[in-house]
Structure formats: structure tokens, C-alpha cells
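So the protein lines, in turn, are chains A and B.
Using this note's numbering, read the first sequence as starting at 1 and increasing by one per residue.
Using this note's numbering, read the second sequence as starting at 115 and increasing by one per residue.
Mixed in with the good hints, there may be bad ones.
For each label pair, taking beta carbons as the anchor points, the in silico distance ranges come out as [said to hold, decoys possible]:
1. Gly136(B) / Leu99(A): 17 to 27 angstroms
2. Thr5(A) / Leu160(B): 25 to 35 angstroms
3. Glu178(B) / Ser22(A): 33 to 43 angstroms
4. Glu178(B) / Asn100(A): 39 to 49 angstroms
5. Asn18(A) / Glu178(B): 42 to 52 angstroms
6. Asn18(A) / Arg223(B): 28 to 38 angstroms
7. Ser73(A) / Lys185(B): 13 to 23 angstroms
8. Ser22(A) / Gln156(B): 38 to 48 angstroms
Please keep in mind that the hints were generated in silico from the structure rather than gathered at the bench.
Cβ atoms here follow ideal geometry from the backbone N, Cα and C, with glycine treated the same way.
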Amino acid sequence: DGGITQSPKYLFRKEGQNVTLSCEQNLNHDAMYWYRQDPGQGLRLIYYSQIVNDFQKGDIAEGYSVSREKKESFPLTVTSAQKNPTAFYLCASSTGTGLNTEAFFGQGTRLTVV
Amino acid sequence: AQSVSQHNHHVILSEAASLELGCNYSYGGTVNLFWYVQYPGQHLQLLLKYFSGDPLVKGIKGFEAEFIKSKFSFNLRKPSVQWSDTAEYFCAVNRNTGRRALTFGSGTRLQVQP
Chain A
1 DGGITQSPKY LFRKEGQNVT LSCEQNLNHD AMYWYRQDPG QGLRLIYYSQ
51 IVNDFQKGDI AEGYSVSREK KESFPLTVTS AQKNPTAFYL CASSTGTGLN
101 TEAFFGQGTR LTVV
Chain B
115 AQSVSQHNHH VILSEAASLE LGCNYSYGGT VNLFWYVQYP GQHLQLLLKY
165 FSGDPLVKGI KGFEAEFIKS KFSFNLRKPS VQWSDTAEYF CAVNRNTGRR
215 ALTFGSGTRL QVQP
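Bound-form chain B, shown alone (with noise of 0.2 angstroms):
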């Protein structure tokens, strides 16, 4: 079964400071990635997507994510954080077979302090 995996559950971090966010996930074929957040009291919102070619994917709000395919990782960077970028933030994997759904991580809740 696929499965996707974030790393750490909760992070806490002061404003400027460098953010990076783990995510790994277990299917070997052909995928899409993603990162979505959620900030306090709002709907879940695409940050940035990988689907083919450069692995250093840009989003929004100065966001940025690097696909390794040999680690099976798609991990979250940003570096410097500010106090509004404080939200919960979660990987999600699609695949062409089996199951055609997004497939979501636990999720990470950064908290970032002024």
C-alpha cells in the first residue's frame, strides 16, 4: 500500500529562521507530489506540486520543495520563516494505477514565534 510519511509532527521555530519539513513516500512508480496548508481557519491550499522535469519545484510565499527519486522524498523548504507562515502543513502523493486519490501525510504543525 502506499503510504506517505512527514517526519516531524510539530515544529516550533523563530521568525528568520530556516524551515525544512521531511516528507518520504513508499510507491515506486510514477508519481505526483505536493504540499498543501492549512492556516488557522482556512480551507487546505495548494503551496506547490511536482508532476515532471526540474526536481526544485517554486510555490507560493517564497516556498520551494525538491524531489529526490532516489530517496523517495519530497521535502518542504523555505529560508526564512515568518510569523504568518505559521500553519499546518501536509504532503500528499498521486499515481497514475491502483487507487487514482491523493494520499496525504500526517501532517506537520509549524508554529513560528516573533
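Same shape as in the complex, but just chain A (with noise of 0.2 angstroms):
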């Protein structure tokens, strides 16, 4: 089936570690992008891809990492640096990144530091 895959679906982290996210897709997408989740903000845009080897910040990019090697995969990085990891984080794609475009989410992470 065609889709996004996040893995894992639930993390735990304790302080001081740097953990990695991974989101997979198979829908031939240029862009991929990593949103955060937080009750009563909304989804909040980390960073975000529009090509391979190529990535941009989003709104709240500070303590988080992104590489994008391969067009199906753009992992995240939560490094200690981030001060308030706990969140449920959501990857997307989309065909591309102008108008008439329509991004497709994963299941989510939900990263829960101890």
C-alpha cells in the first residue's frame, strides 16, 4: 500500500539523549515535511524538504536535526538541546510544495521524555 510510515510509534527518551525519528514514504513525493503537535497550538512546522539534499527551518527548528538522503525518507533528529521534547510529532509529503498541492500525514510518534 502506498503511504507515509513513522517509526516508532511511541518513544521514550531520557534528558540528555538525542533520539531519531524515521518516516518513510512511498508515494513518489518531492516533499516531506516534520510538524509538532502539542494540546491547544496546533501543528507547528519543524522543518521541511522540497527536494533531496535540500531542507529548510520551519517555525520551531531550534534542538531538532533533519537530513534528507533519499527521496523516501527524511528522518528527525530531537537533540538534548530541545527543552520540551515530549510531543506527538507527524510527518508529511506532498507532491510538491507550490499551490494545488496536498500533503499526506503518517500515523505520528509520540515522543515522551523521562
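Two chains, each in its own frame: build the complex with the hints.
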């Protein structure tokens, strides 16, 4: 089936540790995105990538890093510099980033810092 | 900066009541507009979208939205809600210049009582 796969579904991290969230898509989409969802704040953009080997910061990029070495993969690393990493993380993809494109979302990863 | 405002954070309705959720955006140029829904425990799904043409857009499950350009609004409506409509609803905007990624509102939690 075509879609976006995020793994793991639940992730626990100790304070001070880096952790990487996986996002894979088989939709042949050029653009990929990472959002963070917190109660009452909607979805906030962390990073996005319009094409392989290129990515841009979103509204809340501090404490996060990404790579886009392959078209189908856009992993997100939550570093120890992220002061409040406990949240629900959503990955999305779309055919492009211009008008008249629709984004499709993965099931999300819930990260908890213990 | 582009922003999206959803005025209702939590709405409680009885079954068969009519629904209208407000959404306003701040960008004056050409935009695409979306409503997404997140049912409890499920991933984000597209309800409907506006790219161009008829400003009254019909989506899945009996939802519709009207784009009023002069008011920078894209309100979501449903004539008669069901218990199964209990979910969180997000308005989102995309545009062709500047940052090319969806900007989301803070979401509206809808609770439908049987």
C-alpha cells in the first residue's frame, strides 16, 4: 500500500539523549515535512524539504535536525538541546510545495522524555 | 508572517445540531485552504480543500466549507452532526510564495453528545 510510515509509534527518551524519528514514504513525493503537535497549539512546522539534499527550517527548528539523503526518507533527530521534546510528531509528504498540492500525513510518533 | 486563526477551541454539540467552525488567515495573496480532521487515535485526514473555482467546497462525510476572500475566511459547516464526528478539526493554509508548507490553526476540539 502507498503511504507514509512513521516509526516507532511510541518512543521514550531519557533527558540529555538524542533520538531519531523515522519517516518513510512510497508515494514518490518530492516534498516532506515534520510537524510537532501539542494540545491547544495545533501543528507547528519544524523542518521541511522540497527536494532531496535540501531542507529548510520551519517555525520551531531549534533543538532539531534533519537529513534528506533519499527521496523516500526524511528522519528527524530530536537533540538534547530541545528543551521540551515531549510531544506528538507528525511527518507529511506532498508532490510539491507550490499551490494545488495536498499533503498526506503519517500516523505519528509520540515522544516522551522520562 | 502568515497565521491561521481558529476561534473555537472546544465545541460541544448534541447530535443533529448544526456545526460551524471558524477559520481566518492573514495572508493576502493566492492561497490554498484545507480542513483536516483527527479522530481519536487516528492520523490526520483531509476533509476538504479549496484550490480555485467555486468558493463553496464539499468534502467527505457531509462537510462543506465556504471561502470568502473579502473576509479571509474558510469556515467549516455541517448541517447535522453525528456522535462519530467527535474529533479535532484543523484549518490549514498554503501559498505559492515564501515558505511553501502548510500553516495550521490551533485546532478545534468537537465533542458531540448522543
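Each hint tested on the structure:
1. Gly136(B) / Leu99(A): 17 to 27 angstroms: holds, 23 angstroms
2. Thr5(A) / Leu160(B): 25 to 35 angstroms: violated, 18 angstroms
3. Glu178(B) / Ser22(A): 33 to 43 angstroms: holds, 37 angstroms
4. Glu178(B) / Asn100(A): 39 to 49 angstroms: violated, 20 angstroms
5. Asn18(A) / Glu178(B): 42 to 52 angstroms: holds, 45 angstroms
6. Asn18(A) / Arg223(B): 28 to 38 angstroms: holds, 33 angstroms
7. Ser73(A) / Lys185(B): 13 to 23 angstroms: violated, 41 angstroms
8. Ser22(A) / Gln156(B): 38 to 48 angstroms: violated, 20 angstroms
Hint compliance for this structure: hints 2, 4, 7, 8 are broken, all remaining hints hold.
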